[in-house]
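Work out the full structure, taking the sequences as your base and the hints as a guide.
As you go down the protein sequences, you meet chains F and H in turn. All the letters of the first sequence, read from the start, carry residue numbers 2 to 318 under this note's numbering. All the letters of the second sequence, read from the start, carry residue numbers 28 to 351 under this note's numbering.
Take every hint as true, because none was put in to throw you off.
With beta-carbon atoms standing in for the labels, derived distance ranges:
1. F/Cys136 to H/Thr211: 42 to 52 angstroms
2. F/Arg233 to H/Thr211: 27 to 37 angstroms
3. H/Ala155 to F/Gly76: 56 to 66 angstroms
4. H/Arg200 to F/Val143: 53 to 63 angstroms
5. H/Lys272 to F/Gly229: 47 to 57 angstroms
6. H/Ala284 to F/Arg233: 43 to 53 angstroms
7. H/Glu37 to F/Thr127: 27 to 37 angstroms
Taking beta-carbon pairs under 7 angstroms as the criterion, some of the chain F residues facing chain H (in silico):
8. Asp216
9. Phe217
10. Ala220
11. Ala223
12. Gly225
13. Arg227
14. His234
15. Arg237
16. Asn238
17. Pro313
18. Arg314
FYI, nobody ran anything at the bench for these hints, they're computed from the structure. Even for Gly, the Cβ is constructed at its ideal location relative to N, Cα and C.
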Amino acid sequence: MFAYLIRRLVYVLPVAIGVSIICFLLVHIAPGDPLTAIMPVDATQEEQAAMRSAYGLDKPLPVQYAIWIGKAVTGDLGKSIATGRPVAQEVFSAVKNSLLLAFTASVIAFPIGLLLGFIAGYYRDTIIDRLVTACAITGVSVPNYWLGIVFVIVFSVQLGWLPSMGAGPGGSGQWAWDYAHIRHLILPSVTLAVVPIGIVARTVRALVGDIFSMDFVQALYAKGMRHGDVLRHVIRNAAPTALSVMGLQLGYLLGGSILIETVFNWPGSGFLLSNAIFQRDLPLLQGTILVLALFFVSMNLIVDVAQAAIDPRIKRS
Amino acid sequence: MSVTPLVEFENLTVRFRGERTVHAINGLNLSLQPGEMLALLGESGSGKSVTLKTLLRLLPPRRSELEGGIRVNGTDVMSLSGQALANHRGGDVSMIFQEPALALDPVYTVGEQIAETVMRHKGVSRSAAMDVALDMLTRVRIPSPERRLKNYPHEMSGGMRQRAMIALALSCRPKLLLADEPTTALDATVQIQILLLLRELQQEFGMGVIFVTHDIGVAVEVSDRIAVMYAGNLVETGSTADVIKDPRHPYTKGLLAANLHGAVKGQRLDAIPGSPPALERAPDACSFAERCSHATDRCRSALPPVVNVSGQHQVTCVLEAENV
Numbered sequence: 002m003f004a005y006l007i008r009r010l011v012y013v014l015p016v017a018i019g020v021s022i023i024c025f026l027l028v029h030i031a032p033g034d035p036l037t038a039i040m041p042v043d044a045t046q047e048e049q050a051a052m053r054s055a056y057g058l059d060k061p062l063p064v065q066y067a068i069w070i071g072k073a074v075t076g077d078l079g080k081s082i083a084t085g086r087p088v089a090q091e092v093f094s095a096v097k098n099s100l101l102l103a104f105t106a107s108v109i110a111f112p113i114g115l116l117l118g119f120i121a122g123y124y125r126d127t128i129i130d131r132l133v134t135a136c137a138i139t140g141v142s143v144p145n146y147w148l149g150i151v152f153v154i155v156f157s158v159q160l161g162w163l164p165s166m167g168a169g170p171g172g173s174g175q176w177a178w179d180y181a182h183i184r185h186l187i188l189p190s191v192t193l194a195v196v197p198i199g200i201v202a203r204t205v206r207a208l209v210g211d212i213f214s215m216d217f218v219q220a221l222y223a224k225g226m227r228h229g230d231v232l233r234h235v236i237r238n239a240a241p242t243a244l245s246v247m248g249l250q251l252g253y254l255l256g257g258s259i260l261i262e263t264v265f266n267w268p269g270s271g272f273l274l275s276n277a278i279f280q281r282d283l284p285l286l287q288g289t290i291l292v293l294a295l296f297f298v299s300m301n302l303i304v305d306v307a308q309a310a311i312d313p314r315i316k317r318s
Numbered sequence: 028m029s030v031t032p033l034v035e036f037e038n039l040t041v042r043f044r045g046e047r048t049v050h051a052i053n054g055l056n057l058s059l060q061p062g063e064m065l066a067l068l069g070e071s072g073s074g075k076s077v078t079l080k081t082l083l084r085l086l087p088p089r090r091s092e093l094e095g096g097i098r099v100n101g102t103d104v105m106s107l108s109g110q111a112l113a114n115h116r117g118g119d120v121s122m123i124f125q126e127p128a129l130a131l132d133p134v135y136t137v138g139e140q141i142a143e144t145v146m147r148h149k150g151v152s153r154s155a156a157m158d159v160a161l162d163m164l165t166r167v168r169i170p171s172p173e174r175r176l177k178n179y180p181h182e183m184s185g186g187m188r189q190r191a192m193i194a195l196a197l198s199c200r201p202k203l204l205l206a207d208e209p210t211t212a213l214d215a216t217v218q219i220q221i222l223l224l225l226r227e228l229q230q231e232f233g234m235g236v237i238f239v240t241h242d243i244g245v246a247v248e249v250s251d252r253i254a255v256m257y258a259g260n261l262v263e264t265g266s267t268a269d270v271i272k273d274p275r276h277p278y279t280k281g282l283l284a285a286n287l288h289g290a291v292k293g294q295r296l297d298a299i300p301g302s303p304p305a306l307e308r309a310p311d312a313c314s315f316a317e318r319c320s321h322a323t324d325r326c327r328s329a330l331p332p333v334v335n336v337s338g339q340h341q342v343t344c345v346l347e348a349e350n351v
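This is the structure:
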C-alpha cells in the first residue's frame, strides 16, 4: 500500500508539469492582447513596449514560462494586471469561497444521489426505478445556470425567502458561519448540487443493479445470508466505483462553476476566472487555471489511493 | 424401503411468467436417500438447474410459480419463509455453483466468506468461525490454508476457488449438498480432482448429494444413481450401472451414443437429431417424440406412462409399456 502511494505520487509530477505548460500556452494561444485591456486606446508604441517589458511579455515563450513557473513554485503567481493585487492572494480567497460552495453542494448531493441510486438499482425496472431515473436525467439535462435563475425568481424575487447575490450581507465580505451568511449559501449550493445528484444517482443505480444480478448475490442467499448481510456485500462491492464518481464530481465542483458563481455573484474561483477572461488579466488567468488544474490532479490522486485502500483487486497491479 | 428419503419431489411444477410463459418443470417426481449421490443429467434447458434451485427456493419469487411438494429431511420447503427459509439455506442444504469465480464475492477474503456463513448458522464467535474456515480449507486440501484464508477469490486459481467454494458449502455440515455443474468451468485434469474430492467428502460427511451435469462421463464417475431429464421432466431414473448398461429410453440411448467414449476414429458421432422443444405450453404428449425415431401416434397423443423396469429403474416411455 505504501509503495503504491509513492508510485502514484511520482506519477503526479509529470502530469503537474504538463498541466502547467498547457495552462501557460493556452492563455498565449488565445486571441487578444492582454495589454489592450489596460492601456489607453491612444497609447503610443513606446508606451506599449514599455508595458510589455514590464510584464516580461517581450521575452521568448520558454523564458516567460521558466520565469513564471520558477516563481509559481515559491507561491508567487505575479500581480493581477487589473487590480494590481498579488494573484496568489486573489486566487486563495476565491478558492476558499469555491471550496465552501463545493463542499456544501457535495454534502447535499452525495447522500441524496447515493440513496436515490441505490433505491433505483435495488428496485430495478419497477416504477420506482423509472421515477428516479427520470429525475436523474432531468437533473443532469437541465442547464443549472437556468435553474439558478429560476430559483432566484421563485425564492428571492417572488417569495423573498432567500438572498440571490453574493456570499454574505453587504456584498462579498468575510465568510462567517452565522445565519445571515448561511442564507446566502443555500440557493447557489442547491443549484450546484442538482447535476451531481443526477450523475451519482445514475451511476450508482447502474452499479447496484448490475451487482444485484451477479451470481454471488444468489450464492449469498443460497448460504442463508439475511437481507441486511447481502446489502452489506452489495454496498462494499459498489463502494470503489461510487467513490471514484463522487471524487470526480467533487473535483468538478471544486473547480468552481463559472456559470453558477456568475448567476449568484458568488466570489469564487469561477467568478474570478470569468473576470480574468473578460479583463484579459493574463497573470490572474494563468494563476487561476494552474491552481484549479492542480486541484483536479490531486483530487484524482486522492480518489485513486482511497479506491486502492478499499478495493482489494487494485492493490496488486 | 423403510428409510425416509432425504429429498422428495412430489409432482413438482415450475412455471416462469414473463413476456411468455415457460413451463420449466412439469410434474416431476423424484427422491433421494440419505448419503446417496444422484446425478441429474440433461442438456441445457432441460430443467435440471431449476430443479436444484427449488430445493433452496432460489428462483425469483416474483416471476416463478411453484406447485407440488418438496420435502427435505422432513421439512416442507414450499412453506418456508423469512427466518426459517434463511436457516434452511446453507444450514441443512447448501449449494456449490458452476462458476466459483462469479459465485464468490470478489471484495471479501475467502476466509471471511466461509466464516460469515458459520457465524450465521452456528452463532459462534468470529475467531471460532475462522478456525472452522481454516479446518475446512485443510479438508478440501488447499495447500498452505493459513495463507489462503486471507486470499481474495481473484488471487486463486479456478480449481482452488472451487475447492474454497466446496469448503464454504460444507462448513455448516449440511445434510444435502447441491452441486450445479461444479466442474464445467474447470480444466479436464482439475475436473477429475474436484470430482474425486466431492465423492470423498460426501462419504466422509455422509451427505446426500444432487449433482447436476450435462456430461454423462462425469455422471458415471461420481454418482450412485442417475436421473435423466428432458424438457422439464424425468425420462429415466435408475442406478448408475443400470442406466449405463441397460438404457431404456431413446433419449438416454441417444445421449450414450453421442458420447466420445467408445467412439471410433473417422466415424461420425451419433448426435440426437433436432433440438429440445420450446417450453411455451405444458406438455400433453411425449416431449421427445419429435426427435425420436421410434415415435408412434400414441407418443404424440398422450403423456407417456412411467414404467418400472426393475427395482429402482424407471422409464417414462410408451415403448417400455408395450414391452412389459
